[in-house]
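A.B. asks: Read off the chains here:
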Amino acid sequence: MKILAVDTATSASSVALGEGGQLVAMSVRVDRRGHGGFLVPAIDFAFESAGWKPREIDVIVVDVGPGLFTGIRAGISTAQAIAASVGAPLVTVSSLTALAVRAATGRRRIWPVVDIRRGQYATRPFQPVPGGVAPDGPAEIVTADGLHNLVESDAEDTLLVGDTAGFPPTVMRGLHRAKTGRPRYPSADVLLEIGEFKAERDHFVRPEDVRPLYMREPDAQINWSDFREEGIWPGAAG
Amino acid sequence: MSRPLILGVETSCDETGVAVVRGHEILATVLSSQIDAHARFGGVVPEVAARAHVEAIRPMVHLALRQAGVHSDQLDAVAATRGPGLIGALMVGYSFAKAMAWTLDTPFVGVDHMEGHLFAPRLEHEAFAPPAVVLLASGGHSQIVHVKSWGEYEVLGSTIDDAAGEAFDKIARFMGLGFPGGPAIDKAAEGGDADVVKFPRALRDRPYDFSFSGLKTSVVTYLEKAKAAGSVPPLPDVAAAVQEAIVDVLVDKTFNAVEATGVDRVAGGGGVLANRRLRVRLEEEANRRGIALYLPSPALCTDNGAMIAAAGEFRLERGDVTPWSVDVSSSLRLSDL
Ligand SMILES: [Zn+2]
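Residue numbers (this note's numbering), protein chains in the order written: chain A, 1 to 238; chain B, 239 to 575.
If you are wondering where the hints come from, they were derived from the structure by calculation, not from laboratory data. Nothing here was measured: the structure is a model prediction, and the numbers come from that model. One or more hints might be untrue.
Examples of chain B residues lying across from chain A (beta carbon under 7 Å, computed) [claimed, not checked]: (1) S310; (2) F334; (3) M338.
Which bits of chain A does chain B cover? Going by a derived footprint, with three or more residues having C-beta under 8 Å, they are [said to hold, decoys possible]: (4) 28-41; (5) 66-74; (6) 78-84; (7) 205-211.
Glycine included, C-beta positions come from ideal geometry on N, C-alpha and C.
Generate the whole structure from the sequences, applying the supplied hints.
C.D. replies: See below:
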């Protein structure tokens, strides 16, 4: 099974090709912006290195977030276009799952964290299980204080991974059972592993159901002062 | 030799437009409009637009190809709007189109949105060619462009504050007419007498530039005074007067540019050019001067995929294929092409 994985949900963009559990080619770039300039050249380079043709792809796996909205949409649009053009099925992975899977090396409960800007973090607890991780609670959007409280209330030893480098000092203060660790970003090679696992179990997503995991309403300010309670001519609208 | 078969993708603002075009022939053009999504905000919200595009882009491309009876393998090129526009919105269509072109191993052309508008009149009027003066007016842009030859553009004037469509939106919102404002005012002005009140025409000393924010203020002031005095004129009259003020300025400045450049062809593009009064006035003025006027039909005035395909064909023929590494840009300028 030949798999293409695309991850542009965070500042780190990556694409990878894999087959039979082996990583065949990979390209990574860390840049908050510029996902759109990275993707196709990186995919082109990966296919060139692997000697593959687009039509040979059996499955496409894409990170649907949470994360940077514009990056996620660039990744999904790219994956959708390639999938539609070659008739390959799609598999989706959450950035939080990708982080947790890579972090799972011990017994600590894992809290992957993705900075979704505006002082908010997306997170979800995962429990290490033989061969991987299992979600152990709901995905949530929290502030820095909220994250501190969540982890503090966890009775177990915990490992925070992901966007921990930019934490305000208050997040980890006094959390003696918690530590931070790697990976810092989700990445396409992890998506390959998860994607293969899901594809083998036919966990495909219909193209129309491949949507970004925003976890937050759009920032849209309604300037109500611009609207009159009643028009100058009542009933004029529409 | 038949002309290339091109898929055009437009997602710079609030319309997901996709078309399949061969030369002057539009084999299919489809649009997923987001008017309802933005109406409650009274204007286009960038994040709302981007979210709608990512849901619409795949089905719209699929629909356009199906309506055209074309398989993606038959395409000679894929073109998509690169900018200017809303970055999050541009990213969706541009990424989709670029990845599609890469997969199909076909040339990809990133198109300047404004150049797309310049090419729109040509889709329906084979005779339209430079040199010409083109009025581009929409919710996001207002410019007068001297098209010296295809690919060689001089922006003679532009708005110094609100775009013309934005002025329509803001004033319509104040008048309680809903969104988008242009069509709402166009409709409300039916049968109205524009002479009931004369709103000011700004920037008389700058022959090609526009300013519309003062108009909004004077409409607000006028209506509040009239309401306080209990003498508000009927809605159609006020709507007609507002429309006339905007149209007057657009027509005047366009023909200032015609005189200065000495061209004998005028064209238009952008959503505001769908305004019926503006079309009539441009036509009257062009006829009076014996100048040829090329206005796209309203559906090709507003943002659409066909105009992107048309400009894409020109760029393709010039060999301006866009490298994969080129990203979207919110601030492209016609004069720099
Ligand atoms: Zn436009």
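A.B. asks: Run every hint past the structure and note whether it holds.
C.D. replies: For each hint, the structure was consulted:
1. S310: holds, 6 Å
2. F334: holds, 4 Å
3. M338: holds, 4 Å
4. 28-41: With 7 residues close enough to chain B, the hint holds.
5. 66-74: holds (count 4)
6. 78-84: holds (count 6)
7. 205-211: holds (count 3)
Violated hints: none; the structure is consistent with every hint.
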